[in-house]
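Taken in order, these protein sequences are the chains called A and B.
Per full-length UniProt numbering, the first sequence starts with residue 1, numbered consecutively.
Per full-length UniProt numbering, the second sequence starts with residue 1, numbered consecutively.
For the record, the hints were derived by calculation from the structure and aren't laboratory data.
In this text, all values refer to a predicted model and were calculated from it rather than measured experimentally.
Just so you know, not all the hints are guaranteed correct.
Examples of chain A residues toward chain B, derived with CB under 8 angstroms [unchecked claim]:
(1) Ala-47
(2) Ser-83
(3) Gly-105
(4) Arg-136
(5) Tyr-140
(6) Tyr-178
(7) Leu-216
(8) Val-219
(9) Asp-355
(10) Arg-409
(11) Ala-413
(12) Glu-414
(13) Leu-447
(14) Gly-449
(15) Val-454
Think of the CB as a built atom: it goes at the ideal place given N, C-alpha and C, for glycine as much as any other residue.
Here are the chains, one letter per residue:
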Amino acid sequence: MEITFHLNGEEVTLSGVSPTTTLLDWLREDRYLTGTKEGCNEGDCGACSVMVTDDRGAKALNACLLFLPQLNGKAIRTVEGVSGPDGELHPVQQAMITHHGSQCGFCTPGFVMSMVTAHNNGAKDHDVQLAGNLCRCTGYAPIIRAAEAVEDMPVPAWVAKDAAVREPAPAAQNHTPYAPRSSDELAAAYVQNPQAVLIAGATDVALWVTKGLRDLEDVIFLEGCTDLKQIEISDDQVRLGAMVDMNAMRAAIAPLHPSYGEMIRRYASQQVRGAATLGGNIANGSPIGDNPPALIALGATLHLRQGDTRRSLPLEDFFVAYGKQDRLPGEFVEAVSFARQPDSLRCYKLSKRFDQDISAVLGAFNVTIVNGTVTGARIAFGGMAATPKRASHVEAALLGQPWTPATVRAAQAEFDKDFTPMSDMRASARYRLETARNLLARYYAELNGDTVSVLEVVL
Amino acid sequence: MSILSKTGPVAKPLPHDAAKLHVTGAARYVDDIPMPAGCLHLAFGISTIAKGRITAMDLDAVRASDGVVLVLVAQDLPFSNDVSPAAHDEPLLSDGRVHYVGQPLFLVVASSHRAARVAARKGQIEYAQETPILTVDQALAADSRFEDGPRIYNKGDAAAAIAAAPHLVEGVMELGGQEHFYLEGQAALALPQEGGDMLVTSSTQHPTEIQHKVAEAIGLPMHAVRVEIRRMGGGFGGKESQGNALAVSCAIAARATGKPCKMRYDRDDDMVITGKRHDFRISYRAGFGDDGALSGVEFTHLVRCGWAQDLSLPVADRAMLHADNAYAIPAIRIESHRLKTNTQSATAYRGFGGPQGMVGIERVMDHIAHDLGLDPVSVRQVNYYDAPETAKLAADQGGAAPRPAASPRSSSGKKKDNTTPYGMEVSDFELHGMTARLLETSDYQARRAEITAWNKTQDQLKRGIGFSPVKFGISFTLTHLNQAGALVHVYQDGSIHLNHGGTEMGQGLFQKVAQVAASRFGVGMELVKITATDTAKVPNTSATAASSGTDLNGMAVKAACDTIRDRMATFLAQHHQCSVASVRFEDGRVIAGADEMTFEQAAMLCYQGRISLSATGFYKTPKVEWDRIKGQGRPFFYFAYGASVTEVVVDRLSGENRILRSDILHDAGVSLNPHLDIGQVEGGYVQGVGWLTTEELVWDGNGRLSTHAPSTYKIPACSDRPDVFNVALWDGQNREDSIYRSKAVGEPPFMLGISAYLALSHAVSAYGEAYPALDAPATAEQLWSAIRRVRDGV
């Protein structure tokens, strides 16, 4: 297949490249653009961050988790392309020098690209923008000083110009079974090639290549299926397409369910959220995906499509067993929907580190209380079983009961019946089970108006 | 700034010399260097068991894999099969024995990095497995150790002192290791030269050791091997010895193929293969009086060293040497067991054992303060070493009068025995004044009271505040390493070429030393060219380690510059008919009698006058003398000091916690570059906090490291830094004659992070009566567990 994109303002057309070549390897090994660094090759350190612009705007992404076909029709800017045409430094670059934001310098190009992108987008929530860039030398303080120093400086003309470039739509001849342009084309292609690996944001599949060293024979890139990127919010329903990325999802969800929005903030870094899709997070069936528990607690419905056949099922029913989902050959996740509802959802993510960490426990609580009595309870957990799973016994112990500490205590005792978690490097089984219990107490306290999170304490 | 007013760029807060290269992506690291065509790439096939013997190794599939050029096993190596720094106990490739999961067994040479990695996984290895020794308990039971028995340092009769004391605390603490997580993984490349010579570029803190090990491996003298390194993407001790295997592999492969060879570890390989900070179990007993003044302390260190000795002995020694931290302890016994286990060979890591030793005594102080119900700061102050009675300072080499010590006299009444457990007089103690200043600027007392009041209103969340001081010994404890060389050229156009044996890993060494050079010639920084560390320019260098880089190399460069400057002055004095002493180098100009010229003109004049404008410089640290077996002497030239106050908040239900505010006052002497030094303090603190909080290394029951990537091993991220982060440098100066009276600043700030551990302990103690007895790292789970113990007794 032929791939066309802009690299630092110049058009590049590639043909004959392996579709699972990562942008990072291509930049470093084929273009000798070695400013973009490999720190971990799994999207956790941000040293390979680049700015990718399309008609939806500019975002920072990890080059190690991007396959070249995902970039078709986009504009890429690397650290080598951030300075002006006459070599004048971007304000971010100058501020990083002035404020001593680099020591060993290895993470610096990634930081610069995240900061340039944030600056371009007017984002000032620096801790959020930089959560996916690890620095081992500076302790981050001088980097934040640099980011703050440029907040109100204008975007340099050369970057603004780049951001305004309207990339030509992928030419028709690029249209192959491997890069469908709509969900209809995807449905047809996937039925014909049910063995193919679907690649949406590649934040997981790329690891099969970079860490698993697998050669993927048949791949279908979903990036062109723009109709799967739609978010529809009506008076009674929310419907999210499978290709909605987690930054878009966060923006849509936060006003409706702020706790879910905050969980998505912590779900992963800016770069990973910018690539990761809702459909991918569900379809890979991981027991530690963060969206499924929250969506199950919201009573979400999963919409699947195989060829021209569509079906829907409660999301929790999709997860059959570890590594096994209710998905037929050639069938793909099309969307998720849930009813508009008063917000009583709270999502609690326990992990070793607040940002950019996989959950040890993810608890999602959605309890409806009418006149002091529990009339509805949907509670779901990740990290507690082989699949995302509802706490059915806990829910049953709450239903119909007065919403009181005694009821909460009684329900806490039921967790043993719902979960037998395991111990691993993230947490012990005991911690998982006991904190799951505790999170119900936290939920009670939070609905009671108490301060329950250390993140809320500010001096 | 009297002593600095005529010294040019020294003490100026200039940016890192490579800052512009960093931010534009132009700074080159080993993997960024353009390679000649035909470059080959290497990867190791590694063991999957922790202990045993290889019974069969079928590498046919490896050899048949795409792009593979050569596969080597131990028997194929032409000369030495050893990459250990000293003990000759680390085969590059397994000699048939397997000692840990991740040990290199065979070496793949292939056409690409990926091809080598793919092939390396195709080895079919059969093992006769043995039961591995993974824990310190297993190692003790099996008497699996380095050295014959424990090292023991004694001062007085600790047991008797403890027995006679009114109060006693005792406890055991588990203290985890730490992955370096330098952002640039290990990397090396080798370019074969004529006659079998080898040019090696290695991401190493220790070029001379790379040169030595490569020479051994290719059977040539050291003169046949040249090692070069411009910069590393972080080191932190992890590139002191751990780069040997890659550089040696590249050289052997380059020798075998005649092609340039490059090797870099994938991050997971890096974490699985290389050593980390030593984890410790520290047991303590301490006897003390009503005010918390110590009578005697006993420590036992169980040090998990991994499979090879590497640097474990000096690391464990340094832990013992910091078991006193800032406290004059009348009687102390420190017993240190260096245990050999079937895990990665633990290695150098910022602080080099000092942090572990220091955590031990800070834990004791915390425990005492808790049991006595005293402010932990007062317990520390009562135990502090005495401040020097007077500051008798030798005249600075610049001739100006030194500043008076800013530290007031200790408030404690009687004079203490101010010697360390190893018999060194503490004659430069700064912490009385520093502590008073920090308590004031951080508003410690008022905040502690406010926290106590706040905690009473909270059930789930509690805040805590912790204070910790640092006294860190500066010098290599292996005395002969305290030497350095430099090579300086002044060209006829006045530009200066600077080279020394130190390596740049981000700490700003090159800039600080260049500031010294510019100052000696009285010129601007633009005249000084900083060049890559190169064993062909400066030989027999020590590792850039032990925080000594600037102290040693700055002095060596100063000596070289002064040699050239003196030659120039002598010539110019003769030429201009004035006294040598009257020739001055300042502000880019040279003044000789009535004449004045630019430095460039002076250089040209000297060249035309046939004056040698190139010189080497050499420095060896004075006064140090140390007997590690007896545990007596003066291992350190001086001490660097620091103090920190950290405030945290903890959640009872989950153990989640975060830092709210940190205040630090650090002693860099007369800082050569205050901004670079503050950068070391900020970064060191956050790295130290990471060690004691989120950075947890987990091995499974088979000795396999479960946390081998940043997805599972969590170093601090951006939002983990303190919300409020106040860092200041102490306005003091080195009482010893160091380079411009500055102090080393690489390692000491790391230990300021201990205050976060203490703050967490304080917060947990608010949930109940019992002492929290936190292990480290104090992860959320560890805190949750401690809160249950304290609050619920479970």
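Hint by hint, here is what the structure shows:
The restraint placing A/Ala-47 at the interface with chain B holds, with a minimum CB-CB distance near 6 angstroms, inside the 8 angstroms limit. A cut of 8 angstroms between beta carbons decides the hint on A/Ser-83: the least distance to chain B is about 6 angstroms, and the hint holds. A hinted interface residue such as A/Gly-105 counts as satisfied when its beta carbon comes closer than 8 angstroms to some beta carbon of chain B; here the least separation is about 3 angstroms, so the hint holds. Checking A/Arg-136 against chain B by beta carbon gives a least distance of about 5 angstroms; that is within 8 angstroms, so the hint holds.
Hint status for A/Tyr-140: holds, given a least beta-carbon distance of 5 angstroms to chain B, under 8 angstroms. Because the closest C-beta pair between A/Tyr-178 and chain B is about 22 angstroms apart, greater than 8 angstroms, the hint is violated. For A/Leu-216, the shortest C-beta to C-beta distance to chain B is roughly 14 angstroms, which exceeds 8 angstroms, and the interface hint is violated. Because the closest C-beta pair between A/Val-219 and chain B is about 17 angstroms apart, greater than 8 angstroms, the hint is violated.
With a cut of 8 angstroms, the hint placing A/Asp-355 at the interface with chain B holds, because the nearest CB-to-CB distance is about 5 angstroms. The interface hint given for A/Arg-409 is violated, since its Cβ lies 14 angstroms from the closest Cβ of chain B, which is over the 8 angstroms cut-off. Hint status for A/Ala-413 relative to chain B: violated, with the closest Cβ pair at about 16 angstroms, above 8 angstroms. Because the beta carbon of A/Glu-414 sits about 17 angstroms from the nearest beta carbon in chain B, more than 8 angstroms, this interface hint is broken.
At its closest, the beta carbon of A/Leu-447 sits 14 angstroms from a beta carbon of chain B; the interface hint therefore is violated under the 8 angstroms criterion. Because the smallest distance between the Cβ of A/Gly-449 and any Cβ of chain B comes to about 13 angstroms, over 8 angstroms, the interface hint for this residue is violated. Taken as an interface hint, A/Val-454 checks out: its beta carbon lies about 5 angstroms from the nearest beta carbon of chain B, inside 8 angstroms.
In this structure, the earlier hints numbered 6, 7, 8, 10, 11, 12, 13, 14 are contradicted, and the remaining ones agree with it.
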